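K.L.:
Each chain, written out:
There are 2 protein chains.
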Amino acid sequence: MIKAVFFDLDDTLIDTTKLAEIARRKAIEGMIRAGMPVDFETAYQELLELINEYGSNFPYHFDYLLRRLDLPYEPKWVAAGVINYHNTKIAHLETVKGAKRTLLRLKEMGLKLGVITDGNPIKQWEKILRTEIDDYFDDVLISDFVGVKKPHRKIFEKGLNRFGVRPEEAVMVGDRLYSDIYGAKQVGMKTVWFKYGKYASAELEYLEYADFVIQSLEDVVGIIRGIESEEKARSDKEVHAD
Amino acid sequence: MIKAVFFDLDDTLIDTTKLAEIARRKAIEGMIRAGMPVDFETAYQELLELINEYGSNFPYHFDYLLRRLDLPYEPKWVAAGVINYHNTKIAHLETVKGAKRTLLRLKEMGLKLGVITDGNPIKQWEKILRTEIDDYFDDVLISDFVGVKKPHRKIFEKGLNRFGVRPEEAVMVGDRLYSDIYGAKQVGMKTVWFKYGKYASAELEYLEYADFVIQSLEDVVGIIRGIESEEKARSDKEVHAD
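Chains L and Z supply the protein sequences, listed in that same order. For the first sequence, the residue numbers in the working numbering are 5 to 246. For the second sequence, the residue numbers in the working numbering are 5 to 246.
None of these hints come from the bench; they were simulated from the model. Any given hint could turn out to be false.
Treat identical chains as interchangeable: a pair holds within one or across any two.
What the hints assert, rightly or not - Here are the computed lysine-lysine pairs in the DSBU-like style, where the Cα-Cα straight-line distance is at most 35 Å: (1) K93 with K104; (2) K104 with K153; (3) K93 with K162; (4) K202 with K241; (5) K153 with K93; (6) K127 with K202; (7) K199 with K241; (8) K127 with K236; (9) K236 with K93; (10) K162 with K30; (11) K7 with K162; (12) K101 with K241; (13) K101 with K30; (14) K127 with K241; (15) K7 with K30; (16) K104 with K199; (17) K111 with K30; (18) K7 with K202; (19) K199 with K93; (20) K241 with K30; (21) K22 with K199; (22) K22 with K241; (23) K30 with K236; (24) K111 with K127; (25) K153 with K241.
Only a predicted model underlies this, so the values are computations on that prediction, with no experimental measurement involved.
Go ahead and model the full structure; you've got the sequences and the hints to work with.
P.N.:
Next up, the structure:
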């Protein structure tokens, strides 16, 4: 019997990659509107390169962008970038298509739901609260808060312990073959790889750890029903065999 | 002849104090809604005390609030505080009553306009851009960018130099008797104290440095017209005296 389903957050429940791309474009547009003397493509490509090198949580993207473009430091341009980036992130933050419907169906089936995600706890909670999905979840585990990161088995074990369920009673759904799928499979959970977003064709060396592959989040419901009816059939058979 | 007018930003052009109060109240309300087990007044008073001790730019207000209230660290509550604080600040950021009309009148009179403000350059530019007053100004001097703070004479001298005007041709308008009025008077500028906001009855030992005291920002226009007609009358008289 499946008793619990855990979800990754970014690009599984929330459209983070798509959002970040729009927000970065809007930021560059805002900086140019504020007077930054450079064409859109040059600035945008430089920003992507910079984010690639320094990571998306680096707090000085726009400051460094000016340095890389050999422009003078002009706080007005940086402020324009920050404003447009944040406005966009707040206005466009959305759950993945079908996410809320899926969560509701799973709750109706009496399942415990959890989030297991990497990242900054405040930022991750911001996404959960802003998209108003917090009420669906019985627990939220964020790596930078619990002190262990996916794919380390401890974060998955913590999730199982909190719900008091055994690994084979739990499903992990995520977009990353390495951190979500390989990670959850290590502890014996059932795994559903959501082939979506920028990692849809990445880390394929870990594909063998995925029990199921889906391209629509709503397919999680059918998979869990399938697991349950299969288990039921098997146990019926065992009874008959006696 | 008056050729330039400089304005302070916070609580002179932009209603910062009022905004911060609303935002802090909304933050506490959001934290309680997210489950923080404490009554509004207790939490709000503790937050005010904390801000008073650590300053308003301290980045861990909500984290420290939980510690001070002997509550467990719950990132969900902190995130709820942060979201509500920012949503409010973005939605309610407004110019002081009459500010835009005043700036427009002064531009029509052919005056150069500048901002001389303390604070973080990005945050100050954010306020200027979000309230859309940037186009009124020929220059913006922010202390943490130019490296000198009000009331130091250098920041006022920089403003005068950028516009190429003499001190007696310039007016400084601000809500702080010490940093704005005493500061600008030191270099010989004309001073208009805007008796407004939380400093409306503070630093009165510097009142002698104020040439004018106003309670509505729009009075700046009349004051400058007054100075000009008085100077004109005086120079006419001097001509007659010849």
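K.L.:
For every hint, state whether the structure bears it out.
P.N.:
Here is how each hint holds up against the structure:
1. K93 with K104: For K93 and K104, the Cα distance is within 35 Å both inside one copy (19 Å) and across copies (29 Å).
2. K104 with K153: within (26 Å within a copy, 51 Å between copies)
3. K93 with K162: within (31 Å within a copy, 37 Å between copies)
4. K202 with K241: For K202 and K241, the Cα distance exceeds 35 Å both inside one copy (43 Å) and across copies (78 Å).
5. K153 with K93: both (25 Å within a copy, 34 Å between copies)
6. K127 with K202: both (20 Å within a copy, 33 Å between copies)
7. K199 with K241: within (34 Å within a copy, 86 Å between copies)
8. K127 with K236: neither (41 Å within a copy, 60 Å between copies)
9. K236 with K93: The answer is neither: 45 Å in one copy and 55 Å across copies each exceed 35 Å.
10. K162 with K30: Classified as between: cross-chain Cα gap 34 Å, same-chain 39 Å, threshold 35 Å.
11. K7 with K162: The answer is within: 15 Å in one copy meets 35 Å, while 68 Å across copies does not.
12. K101 with K241: neither (38 Å within a copy, 79 Å between copies)
13. K101 with K30: So K101 and K30 pass the 35 Å test inside a copy (23 Å) and across (31 Å) alike.
14. K127 with K241: Neither, since 49 Å and 68 Å both go past 35 Å.
15. K7 with K30: neither (43 Å within a copy, 38 Å between copies)
16. K104 with K199: within (18 Å within a copy, 52 Å between copies)
17. K111 with K30: between (37 Å within a copy, 31 Å between copies)
18. K7 with K202: within (30 Å within a copy, 57 Å between copies)
19. K199 with K93: within (23 Å within a copy, 38 Å between copies)
20. K241 with K30: neither (59 Å within a copy, 59 Å between copies)
21. K22 with K199: within (15 Å within a copy, 48 Å between copies)
22. K22 with K241: neither (47 Å within a copy, 71 Å between copies)
23. K30 with K236: neither (52 Å within a copy, 51 Å between copies)
24. K111 with K127: Within one copy only: 25 Å inside, 43 Å across.
25. K153 with K241: For K153 and K241, the Cα distance exceeds 35 Å both inside one copy (41 Å) and across copies (82 Å).
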